[in-house]
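Engineer: Here the protein sequences come in this chain order: E, W, R and X. Each residue of the first sequence is one higher than the one before, counting from 1 in our numbering. Each residue of the second sequence is one higher than the one before, counting from 1001 in our numbering. Each residue of the third sequence is one higher than the one before, counting from 2001 in our numbering. Each residue of the fourth sequence is one higher than the one before, counting from 3001 in our numbering.
Think of the hints as simulated: they come from the structure by calculation, not from any bench. Among these hints, one or two may not hold up.
Lysine to aspartate or glutamate pairs mimicking EDC-like chemistry, simulated, CA-CA at most 16 angstroms apart [to be verified]:
1. Lys2121/R <-> Asp22/E
2. Lys3104/X <-> Asp3085/X
3. Lys243/E <-> Asp228/E
4. Lys3121/X <-> Asp1022/W
5. Lys308/E <-> Asp1292/W
6. Lys1255/W <-> Asp275/E
7. Lys1137/W <-> Glu3054/X
8. Lys1185/W <-> Glu1234/W
9. Lys3431/X <-> Asp3443/X
10. Lys3283/X <-> Glu324/E
11. Lys3121/X <-> Glu3131/X
12. Lys3283/X <-> Asp320/E
13. Lys2582/R <-> Glu2495/R
What you are looking at is a predicted structure, and each value in this text was computed from that prediction instead of being measured.
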Amino acid sequence: MNDKIDVQELNLTAKDFQSDQDVRWCPGCGDYSVLAQVQRVFPTLGIKKENFVWVAGIGCSSRFPYYMSTYGIHGIHGRAPAIATGLKVARPDLSVWVATGDGDLMSIGGNHFIHACRKNIDLKIILFNNQIYGLTKGQYSPTSEKGKVTKSTPFGSVDYPFNPTSLALGSEATFVARTIDKETKHMKEMISRAGKHKGTAFLEVYQNCIIFNDGAYNNLTDKEIKEDNIVVLEHGEPLIFGKNLDKGIILDGFKTVVVDLNDDKHTVEDLWVHDETDESPIRAFMLSHMTDDPDMPTPIGVFRQFLKPTYDEGVQNQIDHIIETTGEGDLEELLFRGNTWTVE
Amino acid sequence: MNDKIDVQELNLTAKDFQSDQDVRWCPGCGDYSVLAQVQRVFPTLGIKKENFVWVAGIGCSSRFPYYMSTYGIHGIHGRAPAIATGLKVARPDLSVWVATGDGDLMSIGGNHFIHACRKNIDLKIILFNNQIYGLTKGQYSPTSEKGKVTKSTPFGSVDYPFNPTSLALGSEATFVARTIDKETKHMKEMISRAGKHKGTAFLEVYQNCIIFNDGAYNNLTDKEIKEDNIVVLEHGEPLIFGKNLDKGIILDGFKTVVVDLNDDKHTVEDLWVHDETDESPIRAFMLSHMTDDPDMPTPIGVFRQFLKPTYDEGVQNQIDHIIETTGEGDLEELLFRGNTWTVE
Amino acid sequence: MEENKTKEIKELTDVCVMFAGDSGDGMQLTGTQFSDTTAFVGNDLSTLPDYPSEIRAPIGTTYGVSGFQLHFGSNQVYTPGDNPDVLVAMNPAALKVNLPNLKKNGIIIANKDSFDKKNLKLAKYEKSPLEDNSLSGYRVFPVAITTMTMEALKDCDLKPKEVARSKNFFALGIMYWLFNRPLDPTLEWVNEKFGKSKNLVCGNSKALKAGYYYSENTEIFAIRYRVSKAELPKGTYRSISGNEATALGFVAASKLSGLKLFLGSYPITPASEILHYLSRHKKFGVKTLQAEDEIAGITSAIGASFGGSLAITTTSGPGLALKTEATGLAVITELPLVIVNVQRGGPSTGLPTKTEQADLLQAMYGRSGESPVAVIAATTPSDCFYMAIEASRLALKYMAPVILLTDGYIANGAEPWRIPHANELEKIEVKRPTNPEEFHSYDRDENLARPWAVPGTPGFEHRIGGLEKANITGNVSHDPENHDLMCRLRAEKIERMQADVPDLEIDGDQEGELLVIGWGGTHGSIKEAVIAARNEGLKVSRAHLKYINPFPKNLGEVLSNFDKILIAENNLGQLASIIRNKYLLPVIQFNKMRGLPLKTYEITEKISEILGGAK
Amino acid sequence: MEENKTKEIKELTDVCVMFAGDSGDGMQLTGTQFSDTTAFVGNDLSTLPDYPSEIRAPIGTTYGVSGFQLHFGSNQVYTPGDNPDVLVAMNPAALKVNLPNLKKNGIIIANKDSFDKKNLKLAKYEKSPLEDNSLSGYRVFPVAITTMTMEALKDCDLKPKEVARSKNFFALGIMYWLFNRPLDPTLEWVNEKFGKSKNLVCGNSKALKAGYYYSENTEIFAIRYRVSKAELPKGTYRSISGNEATALGFVAASKLSGLKLFLGSYPITPASEILHYLSRHKKFGVKTLQAEDEIAGITSAIGASFGGSLAITTTSGPGLALKTEATGLAVITELPLVIVNVQRGGPSTGLPTKTEQADLLQAMYGRSGESPVAVIAATTPSDCFYMAIEASRLALKYMAPVILLTDGYIANGAEPWRIPHANELEKIEVKRPTNPEEFHSYDRDENLARPWAVPGTPGFEHRIGGLEKANITGNVSHDPENHDLMCRLRAEKIERMQADVPDLEIDGDQEGELLVIGWGGTHGSIKEAVIAARNEGLKVSRAHLKYINPFPKNLGEVLSNFDKILIAENNLGQLASIIRNKYLLPVIQFNKMRGLPLKTYEITEKISEILGGAK
Ligand SMILES: Cc1ncc(C[n+]2csc(CCOP(=O)(O)OP(=O)(O)O)c2C)c(N)n1
Ligand SMILES: Cc1ncc(C[n+]2csc(CCOP(=O)(O)OP(=O)(O)O)c2C)c(N)n1
Ligand code: SF4
Ligand code: SF4
Ligand SMILES: [Mg+2]
Ligand SMILES: [Mg+2]
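Whole structure, please, built from the sequences with the hints as guidance.
Structural biologist: Set out below in structure tokens:
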């Protein structure tokens, strides 16, 4: 990507990123909050407005590009990561963002997702995970909990959900993070960090669908209880949580255990200190698995950030190197190359 | 699946599983060895011959069903897990096996693979991983190492490979194992264990493609060095390897470290003891990541085996329960159900 | 219920009404209740739900308007009507969107309370149309629906939001009064639906009654209308939508064939309801798999078909596109499979909630290689039931994939259906090979069908797959002559289905100057248009195709008996191109692609134009 | 090289030879060398590689036979020939498979050493056909190729395996002698290819020479043949296959348009080589992405197209099927995109290494909704170069997807190509909108193309996508009339391309009794068949279509000038159905689906049959 430009010089505001189209999500939908934060973060990234592109699939959340005044493409269901891959590989100078839903990315688009992660394409993928198919009016999704009663599972689903962060880590994603629609400040930071990462940045947003899956994240958004159910990951900091910041997480072999900092058995020193930069994804994978564990709080924040060359720059470098060392291609030479003969 | 039948009674032999079709792989191809072991294991599983079905996609390896005298379907590229899912859900009484390649399963078929794992469909998936596209004559695959020079990457690939076992674990597969084409005894055991697992059983076979990627696994098959490069996982046993069984693996926090059992610093007691039955996939994930680590030996064996209800039985149970409690459906009743009125 | 003697009652043969409001106003529900009651009192009817592709587009905007159109009468009714006689507009946006369509001098019942500054602005009205005389060509009845509903419900102990949500029932009450319909069916429904919450029962019942009695007791309406019972064939009836009928048809086919039903599907508008309906029928052993995508939907069905199930997959256009490759696998493996495609507006995502008929050529030709499949189409909501059975029968008898085309209009629309008895439905025979000695996987019976041996049957172990197979033996074969033969056999097999296709019937004279032809869901529009043309004194015949591949045997002959052929389609001429190709006839086309059913009057005009005007 | 004066030399106008052996015997390489040398000496030629779908099917079996057929002559040569005059059979299986095709009295050069018990049994011969008189209708030359190669190479210090692999060059040496070709080009090639290994250079050169001198010095062959230079247009030539030409064409189009080339593709036989060739051209800034599947292949290309690249995707039938949905997205977003489909035998996996023309209808109609694209087809290996440029030009000028059809035969087959100079190729103009004030994303120019504004350009930020868009503004629109309009505009845009389509030329009389029509890769077979028919005294004209959608302007008129139209296709009549549909003409069809090019003589027979026999 181009060198960052001075933010002052760009002089952009959130308003500059609002498109002239009316936003058509249901009143109260969690998607609004993501839109607002993105519009707030974009002016701060040091990237020219015309160099942002939003790519989406199909779903409520995938309407996102229409509401941004950047370049954008509303693609077909599940294919946003692949469209974005082509765009980014062809144009490494652009900042390419993907807006997608849990059906779009985890169901039909699963393959493109894991391959984008594997290749470490420099994309920012924002997953609006509402654990439901919104746009098609409420079927269960691959992130819905087992036993979910929906239109397509009237007696409860019998399959197990994906944990999107685990899948991303299994696919070797270099930036894996999570936030919640209601935690706007936290979300803003996560979007900004994703935007600054070089490589595939995967940000899962827990998003409430007020119509078809209202309250799916109540335990993480209800003011009364949320602090006991969320642990905020911060690099270099111990894993502390709870209303009174009196709970912590320690490691017992390969098990994470919640401890009470008020009993005299444990102090802050004993706690697991978060290290997001670890090259090995093991720690991040453990954190991710805390999500599935009813005894553990749900982590939000950056699980992992690790830098390695991206696919798109690899492709570009190969070309640049060859042109540098052997010169640019000449069509005439190419046409007449190899075994030729002449008829007089 | 039906209750197992007495093996004696079935009285099947390897020969009973050989089809009348000539096997058409290249002489020396690693696929032969898998075929031979499968034909040896099948008579021992206590399943009637007519209840086995092989499903495959497209690729050299995917020709597998033609060479077995069981029921079989040679599908289309990448879709074997989905075909097999439909078959198994419709017919939970069958033992359904998938033969697939690294292109078939990890490239075009990635989505069906991760969803089969997620749902825990009772399938046995055998991945013939030769790190190359064989049938299409030698393009790199998603498991090829970075920098690989092939017909489609004449200057070397710039993407990173999948580690299939990591991906399976990220998708919550309940049985994850690996073996090597040349290790026939070990392979036989792995096939047998996969066959006996209830749930998605994923077995990766390192398979040599003698034509397009010969020697990809030389370090694991060359008699001279292989013992220093492989660690065989056995449940309840410490991780020991090396020609003289004098190396071991210990855990240093989240890092695996190779130690020399001959120096006086470590004894067998210090070593990591393999526990394949752990509910949490963290340990298995660490083992899987050893594969990517040049300082560590490559694990073969069962990384993880964990039992939870399968999707196909969940579907069947729901139906059985409803029929049991409310009776079988009556068409006449269904047609005339709800608001009706009569015109005289 | 007593009739109010003081008001004039006018007899009508048919009426078209439109309920329109915000996506959150419950218009679909209101429309459905009115339909059910109307069916109950014995009218014939046809409906057209029409909603935005957003779930709840912002309140008060024109693109958030949800509508439900309903046409009912004392004669048979074939379409939801071109133009409503009555418009119920719950807010300014609803008025704005639907006014252009309303008949001259039509009735507008408007919720006066919602015509406030905010809503007027959202609908982009400068002034209130209720006050600026712009509606002078209509009979306008502004009613303070919101206020009166609040008033009526004040004792029900409901939250303001809940009260607001009940105002649609006040409007429904008005309409019941106006068209002389009983309240009881809806009151019963309310009791059943909300039984658990006394307050909601109170609210909805009171709102309904309040609307009714308000109309009766005030002077606002001078006239009431009566639409007498239609003369319908004797029998027991229910109201049914196309998607529900399709689902029921497959459950029936499963029973009739003795095979378990398997559906592999991925949700997509407007096909998802088939998945929803079928997933309820566990009692019938129906297995539904919500797959990870459309490809897994069809390939899982292929797996289930190999396993011996009656296997189906359901989708809409973009999903059918994704199923093309796998359909080819079903063709070459010669497995029975039904693919239901509920057509919607394309190309690509297009107009996802609107209707269209433009997937016909995709169904016919959208596969690699010579890859013939049977293609049939349902004509009305209830016809979906029979065509689902028919598709299953053909697939099982000929061991081949069958594509059943319906469309968003008949899938969502509803009509009264004279329910057949289970024992009136013909059984579907399923043959299984019995002698392992003589078994060859690509042997053929008199219909060219190969034997269907299923896993679990000892002695019949065999392998099938996507590589070309030798005829009879089923071994992989690269033999050039065998490939040529197999390509022709697969095509021939579909041709042979013609034996099962009923002759095409002509409505009207068997020969003459003009025959109007359509297929699938345009049945009602064309039928009504032809009736209208005849009423204008025009001589015109009509035929409607349900079998496209293969065509009915007599189609060529039928066509040859008319001087001119008009083909009316909700696409740019797809059936026309197939007919031209097969019969080399210079057909005339009528094509509109508005995402809506064809307008009857436009077809009538076209007929009139061809025949040189009304006679 | 001196000619051997003692042997008779016979002059021939054209010869068809077949090199056949085990998949591991190097027959493709041998054939290619013979072709290159033959082209080098100035013959015209046409080739047909034919190999099994297994990589190395078990040695000695009939299904493991790999063949390379080559037709060369002193006149222009249009096909690889129906029946070989000479068969080189490296083992019994190769003889068995190819004998049925050999001309009566044809020459068989057989590697006697391989006709041992084991190989005879593998080929299912009871006795050696070299000894049982069963080949009496042919001129058989059994040669101990293996033994003599071993003898010749004993000083090269090669492993036995390497020696065995050189025997194909011994056979090649025989053929060079027999047909009077120089050894030098191949010797040079050997030096270049194996330069690093002295031993391999030694082995291959010695084997080649040994074969040559063996033929010269023994009495085995009494006659040599000469095929004189063909009269070819002046210029510099190279031998080129269709896939290589396609790749070169796109590199050229990239240069001519000034756009970077992006290929998103997934490997599939017989299209993979285009990916292979293009991935080498990094010097030209070409970016190739080997995608995870065909859907990612095309959607990544759509992304790249949005980003301003010349974007293409390449595949074969089953892959085209997977690209259908995304093609619809390219249609509705009106982005330039070229989709190359190298057709192979279908349906499904079918005959993956064989040729066929049965994806035409899929290309035309295989998408949901009304989703028109341009469809053009290349006729010969070298024509692929020009058609790749043409496809790019149309896509860029009209902002629309273009499908370019080639097939396995022309993709793998090779012919001499008179190389054009880069400056002879017409530039491709690419317009970019310049005034942000006046920019509307669905505005249209005189060709109905919308403006192509690319990310990174300030002031032109806009959104496109799969939902229907309002004409001009490009806003999402559910307006019924707009949808109808847009469906018609998209169709009209493709129609307008007709302005760029050259008139169809007729080979032969401009009117008459019979016109033979074909399209794409059957060009050579039909041309040769028509020449043969004329040689029999029949009057017949010929025309070959390269543009199918839209057709050339004058096609209707051309067709109307003939009493009868014969359409010859390697499918069951796909072009015929389109022509019948458009022109309502009762065309006669000639269809064969054998996975091979059409046989010239069969078409000639058909012509003769239609015209009532030779005159
Ligand atoms: C090929 C295809 N299949 C199915 C659909 C129907 N469809 C549209 S969005 C969607 C899923 C929406 O769920 P999600 O991605 O979670 O987004 P949300 O609406 O919840 O934000 C589906 C199944 C489609 N448009 N295209
Ligand atoms: C839809 C489709 N795309 C592509 C192909 C071509 N193809 C056949 S097999 C294959 C990959 C083979 O690699 P792998 O799965 O690793 O199997 P192997 O041959 O190595 O055993 C490909 C790309 C195909 N047959 N169908
Ligand atoms: S349906 Fe749910 S996800 Fe969609 S816009 Fe409404 S609230 Fe949001
Ligand atoms: S090409 Fe490779 S994988 Fe395929 S059969 Fe030959 S050796 Fe085996
Ligand atoms: Mg969702
Ligand atoms: Mg492979």
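Engineer: For each hint, tell me whether it holds in the structure or not.
Structural biologist: Now the hints, each set against the structure:
| no. | hint | in the structure |
| --- | --- | --- |
| 1 | Lys2121/R <-> Asp22/E | holds (14 angstroms) |
| 2 | Lys3104/X <-> Asp3085/X | holds (8 angstroms) |
| 3 | Lys243/E <-> Asp228/E | holds (6 angstroms) |
| 4 | Lys3121/X <-> Asp1022/W | holds (14 angstroms) |
| 5 | Lys308/E <-> Asp1292/W | holds (15 angstroms) |
| 6 | Lys1255/W <-> Asp275/E | holds (14 angstroms) |
| 7 | Lys1137/W <-> Glu3054/X | holds (10 angstroms) |
| 8 | Lys1185/W <-> Glu1234/W | holds (14 angstroms) |
| 9 | Lys3431/X <-> Asp3443/X | holds (13 angstroms) |
| 10 | Lys3283/X <-> Glu324/E | holds (9 angstroms) |
| 11 | Lys3121/X <-> Glu3131/X | holds (15 angstroms) |
| 12 | Lys3283/X <-> Asp320/E | holds (8 angstroms) |
| 13 | Lys2582/R <-> Glu2495/R | holds (13 angstroms) |
In summary, the structure agrees with every hint in the numbered list given earlier.
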